[in-house]
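A.B. asks: When you get a sec, could you build the whole thing from the sequences and use the hints?
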Amino acid sequence: MKISIDHQEIEVNPGDTILEAARKNGIHIPTLCYHEAYGGQGMCRMCMVEVKNGPATRMVASCTYPIYEAIEVETSTPAIEKIRKNIVALLYRSSPSSEFMEKMYRQYHGGESDELQYSSDFKDRCILCRLCVKACEEIGTSAISAIYRGTDKRISTPFDEASATCIGCAACAQICPAGAIDIFQSDTERIIWNKTFTRVKCERCGEPFATREQLDYIAARTGIEGYEARLCEDCRKKNMAVKIIEASGEGS
Amino acid sequence: MQQTIDLDSRMILVCCGTGCLANGSMEVYQALRQQLSTTEVQVKTYTKTTGCNGWCEKGPLVKIMPDDITYCQVKVKDVSEIIAKTLQTGEIINRLLYRDPKTKKRIKSHHEIEFYKKQHKIALRNIGEIDPASIEDYIERDGYKAMGKILSEMTPTQVIEEVIKSGLRGRGGGGFPTGLKWKACADATASPRYVICNGDEGDPGAFMDRSIMEGDPHTVIEGMIICAYAIGASAGYIYVRDEYSLAVKNLAIAINNARSRGYLGQGILGSALSFDIEIVRGGGAFVCGEETALIASIEGNVGEPRDKYVFPTEKGLWGKPTIINNVETWANIPVIINGGAQEFAAVGTEGSKGTKVFSLVGKVNNTGLVEVPMGTTLREIIYDIGGGIQGGRKFKAVQTGGPSGGCIPDTMLDLQVDFDTLTRAGSMMGSGGLIVMDDRTCMVEIARYYVNFLAGESCGKCTPCREGLKALRETLEAICEGKGKVEHLAFMQDIAETMQTASLCALGRTAANPVLSTLNYFRDEYLAHINEGRCPAGVCRDLTEFYIDAELCTGCGLCSKNCPVDGISGEKKEPHVIDQEKCIRCGECVNQCKFNAIKVR
Numbered sequence: 001m002k003i004s005i006d007h008q009e010i011e012v013n014p015g016d017t018i019l020e021a022a023r024k025n026g027i028h029i030p031t032l033c034y035h036e037a038y039g040g041q042g043m044c045r046m047c048m049v050e051v052k053n054g055p056a057t058r059m060v061a062s063c064t065y066p067i068y069e070a071i072e073v074e075t076s077t078p079a080i081e082k083i084r085k086n087i088v089a090l091l092y093r094s095s096p097s098s099e100f101m102e103k104m105y106r107q108y109h110g111g112e113s114d115e116l117q118y119s120s121d122f123k124d125r126c127i128l129c130r131l132c133v134k135a136c137e138e139i140g141t142s143a144i145s146a147i148y149r150g151t152d153k154r155i156s157t158p159f160d161e162a163s164a165t166c167i168g169c170a171a172c173a174q175i176c177p178a179g180a181i182d183i184f185q186s187d188t189e190r191i192i193w194n195k196t197f198t199r200v201k202c203e204r205c206g207e208p209f210a211t212r213e214q215l216d217y218i219a220a221r222t223g224i225e226g227y228e229a230r231l232c233e234d235c236r237k238k239n240m241a242v243k244i245i246e247a248s249g250e251g252s
Numbered sequence: 001m002q003q004t005i006d007l008d009s010r011m012i013l014v015c016c017g018t019g020c021l022a023n024g025s026m027e028v029y030q031a032l033r034q035q036l037s038t039t040e041v042q043v044k045t046y047t048k049t050t051g052c053n054g055w056c057e058k059g060p061l062v063k064i065m066p067d068d069i070t071y072c073q074v075k076v077k078d079v080s081e082i083i084a085k086t087l088q089t090g091e092i093i094n095r096l097l098y099r100d101p102k103t104k105k106r107i108k109s110h111h112e113i114e115f116y117k118k119q120h121k122i123a124l125r126n127i128g129e130i131d132p133a134s135i136e137d138y139i140e141r142d143g144y145k146a147m148g149k150i151l152s153e154m155t156p157t158q159v160i161e162e163v164i165k166s167g168l169r170g171r172g173g174g175g176f177p178t179g180l181k182w183k184a185c186a187d188a189t190a191s192p193r194y195v196i197c198n199g200d201e202g203d204p205g206a207f208m209d210r211s212i213m214e215g216d217p218h219t220v221i222e223g224m225i226i227c228a229y230a231i232g233a234s235a236g237y238i239y240v241r242d243e244y245s246l247a248v249k250n251l252a253i254a255i256n257n258a259r260s261r262g263y264l265g266q267g268i269l270g271s272a273l274s275f276d277i278e279i280v281r282g283g284g285a286f287v288c289g290e291e292t293a294l295i296a297s298i299e300g301n302v303g304e305p306r307d308k309y310v311f312p313t314e315k316g317l318w319g320k321p322t323i324i325n326n327v328e329t330w331a332n333i334p335v336i337i338n339g340g341a342q343e344f345a346a347v348g349t350e351g352s353k354g355t356k357v358f359s360l361v362g363k364v365n366n367t368g369l370v371e372v373p374m375g376t377t378l379r380e381i382i383y384d385i386g387g388g389i390q391g392g393r394k395f396k397a398v399q400t401g402g403p404s405g406g407c408i409p410d411t412m413l414d415l416q417v418d419f420d421t422l423t424r425a426g427s428m429m430g431s432g433g434l435i436v437m438d439d440r441t442c443m444v445e446i447a448r449y450y451v452n453f454l455a456g457e458s459c460g461k462c463t464p465c466r467e468g469l470k471a472l473r474e475t476l477e478a479i480c481e482g483k484g485k486v487e488h489l490a491f492m493q494d495i496a497e498t499m500q501t502a503s504l505c506a507l508g509r510t511a512a513n514p515v516l517s518t519l520n521y522f523r524d525e526y527l528a529h530i531n532e533g534r535c536p537a538g539v540c541r542d543l544t545e546f547y548i549d550a551e552l553c554t555g556c557g558l559c560s561k562n563c564p565v566d567g568i569s570g571e572k573k574e575p576h577v578i579d580q581e582k583c584i585r586c587g588e589c590v591n592q593c594k595f596n597a598i599k600v601r
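Chains A and B, in that order, give the protein sequences. The numbers in my numbering rise by one with no breaks, and the one at position 47 of the first sequence is 47. The numbers in my numbering rise by one with no breaks, and the one at position 575 of the second sequence is 575.
Derived by calculation from the structure, the hints in this document are not laboratory data. Do not take every clue at face value.
Output of the computed footprint for chain A on chain B, the stretches with three or more beta carbons under 8 Å from beta carbons of chain A [said to hold, decoys possible]: (1) 210-218; (2) 303-314; (3) 470-482; (4) 498-504.
Computed list of lysine to any residue pairs in SDA-like fashion (alpha-carbon distance at most 20 Å, straight line) [said to hold, decoys possible]: (5) B:485 / A:93; (6) B:308 / A:69; (7) A:153 / B:540; (8) A:24 / A:93; (9) A:52 / A:79; (10) A:85 / B:144; (11) B:308 / A:16; (12) B:320 / A:66; (13) B:44 / B:11; (14) A:237 / A:224; (15) B:308 / A:15; (16) A:153 / B:253; (17) B:308 / A:58; (18) A:82 / B:491; (19) B:315 / A:15; (20) B:149 / B:259; (21) B:308 / A:93; (22) B:117 / B:384; (23) B:315 / A:152; (24) B:573 / B:549; (25) B:594 / B:390; (26) A:201 / A:190; (27) B:483 / A:93; (28) A:134 / B:300; (29) B:308 / A:190; (30) B:315 / B:300; (31) A:153 / B:284; (32) A:153 / B:509; (33) A:153 / B:594; (34) A:85 / B:493; (35) A:134 / B:301; (36) B:117 / B:106; (37) B:48 / B:253; (38) A:153 / B:301.
Given the structure is predicted, the values throughout are model-derived calculations rather than measurements. For every residue, glycine included, the Cβ atom is placed at its ideal position computed from N, Cα and C.
C.D. replies: Here you go:
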């Protein structure tokens, strides 16, 4: 079916969200809580767009709005830009020590930001986009979630204690746009979410590449064990390449 | 029931709504039972407890039928006199009758009292008249007649048509036409389908739904059965907050009684309809009153709303078509089926049919539960039914629609209350809270109070609501502490508008109403805080100084006697003085002074 985004006619599959349709066609809509692997969460509200459906116009979150009708979408009007400016300002207000938010603030408000108060408290950097929670659900073990309500909402493990299920994979920290999840690590240890993990070294190159719990979890989930499972990503590729060369050498 | 007893017998109804219970009505009921069992009385007597009569200000209420006598503020020590005089000899005890403050006359029946005269009871029709634990009482007042009617005479489509024609709009706050909602669900393709009763009433000071669930649980059940028939649902849930223990108890009794009579379960009354209801006890989160959050909570997830671009009528509970209506909406359904859509639509305004239940609280004389036709003015509700402002003080504002409603000023007292007029006035119907405020209320502090409540009760999922409320709260706190700046007003307006347009759910989209409505109607008060450093109502402690006007002070000493910090001194019959060092600005002296001699600087 056909819809229009910013007066450009595009072909979409019914049920696609506006954001997906826009991105497929190279139309930019800003987001903070969206990741293509996890779908729309409807939380940050940066992706608000105006939807005209017949005579009615309304403001919707493009990441959760499914397309079933021939709508007309505008992705940047003065009203939408005002919302985005305010969201960025509000988030920056609550995470003053996040460089990420400072950059965003400059981008949307121009010039230098007002007085900055750097703090080492990760809460002051978190923008509650919950991408970490999504990553933990999909890649990890659902060890963290958004806890409490209202203005007290924050991300943590149950009761703020070292989680029994956390495998220390750090998928949460990797996806975090605001650098709000701290990892403290040495060659042998990793501390994340108040839990200490032993780092396992690659049997080929000797670089630490995973935690013991992470490897156990992968083994239990995929059944992959043995030499290859004890290699880091790089070495696993190299190992694979050697195998392919050997195999093709035999064939020729 | 009163219809079946002869003139030689008396029915004694003791109100055991939450307000009366708190004032000892259960003890009154037990004393009556106990003394009647040991006393020889000429007439046959029946005693029963009822749900909330609404007139909580004057409770515990005891009604004697068929004489139609209403005794107010009855205490255990009055019981023997009631038996000896009223029940034995028919003598009315004047002292226990309501005394009209204007005419000074004692009034025998509650039907003749101003508080009840302008009310029109549809949703509350049975409450105060029946024992909520008795299904027989409900049946005697046409209970389950509508269920019988639809099962024997109407098709599901006819039921939906009737509800559409009645013009009934959802009483939970949204005001969406109930019949159209049912039609959308009936037209959905997936099954099974679910029916949910939203009993997660969480506004401070509201007890409309609570009173219905406590006082007339069967009307909710009957409404849900009718909907189940209309949309083809097989399971229903009543979501009640767990702190409503009496509501949970009475609903559970009612469901069991309905089951044992075959009104719930397989093949209801021999028809093809199979439907049963389960109670889900909520943890008390305000946001769970939002339907998608409520659904998430029933599913065992965190009570957070989702975007409603696909309605629950299509994808609701467990992704299946779901009807979710508020308690009061359900209570209207049997009446619409029994009396017909036309009769129901004859009451109310063009766009809002029927009545609305309000919990009238705050600085009004007759606090309680009232049900009035849509279109009744705020003035009628507050002055005629509510009996005006306590202590003869001046009306300042009425807050409608719960914490995310707006504050309406005195210039709009003649506003005819319905869904649309309230929204146009920058407030909302909400579920029907009406909080009356007098001139001792600071509107900036009120905005701060509600914003603080919402900041704690928002789910915290979307940025505009969570961060917007945080910013508004910090700004309002600064203004109340005397650190306000004029720029703050434009800042709040700007943030509030973003919250209205960009928030995920209705809680967030309305959460700025207390701020926007007070900025609109009471801007002067904000400016007095900011520019003059004073709180005109004498509430914000950092900006208030009380003093005694020596001209007006009679030296009665009432203020100094009630001052909690002994901060007022003076000789008898001489003007008194407030020690500013000691004063904690609690305002108790202002409340006590009969001569308006204590002023705010």
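A.B. asks: Each hint should be assessed against the structure and marked as holding or not.
C.D. replies: Against the structure, the hints:
no.	hint	verdict
1	210-218	violated (count 0)
2	303-314	holds (count 4)
3	470-482	holds (count 3)
4	498-504	holds (count 5)
5	B:485 / A:93	holds, 18 Å
6	B:308 / A:69	holds, 16 Å
7	A:153 / B:540	violated, 29 Å
8	A:24 / A:93	violated, 33 Å
9	A:52 / A:79	holds, 14 Å
10	A:85 / B:144	violated, 56 Å
11	B:308 / A:16	holds, 16 Å
12	B:320 / A:66	holds, 17 Å
13	B:44 / B:11	holds, 9 Å
14	A:237 / A:224	holds, 16 Å
15	B:308 / A:15	holds, 14 Å
16	A:153 / B:253	violated, 38 Å
17	B:308 / A:58	holds, 13 Å
18	A:82 / B:491	holds, 13 Å
19	B:315 / A:15	holds, 14 Å
20	B:149 / B:259	holds, 18 Å
21	B:308 / A:93	violated, 29 Å
22	B:117 / B:384	holds, 9 Å
23	B:315 / A:152	violated, 30 Å
24	B:573 / B:549	holds, 14 Å
25	B:594 / B:390	holds, 13 Å
26	A:201 / A:190	holds, 13 Å
27	B:483 / A:93	holds, 19 Å
28	A:134 / B:300	holds, 18 Å
29	B:308 / A:190	violated, 42 Å
30	B:315 / B:300	holds, 17 Å
31	A:153 / B:284	holds, 17 Å
32	A:153 / B:509	holds, 19 Å
33	A:153 / B:594	violated, 48 Å
34	A:85 / B:493	holds, 14 Å
35	A:134 / B:301	holds, 15 Å
36	B:117 / B:106	holds, 16 Å
37	B:48 / B:253	holds, 16 Å
38	A:153 / B:301	holds, 16 Å
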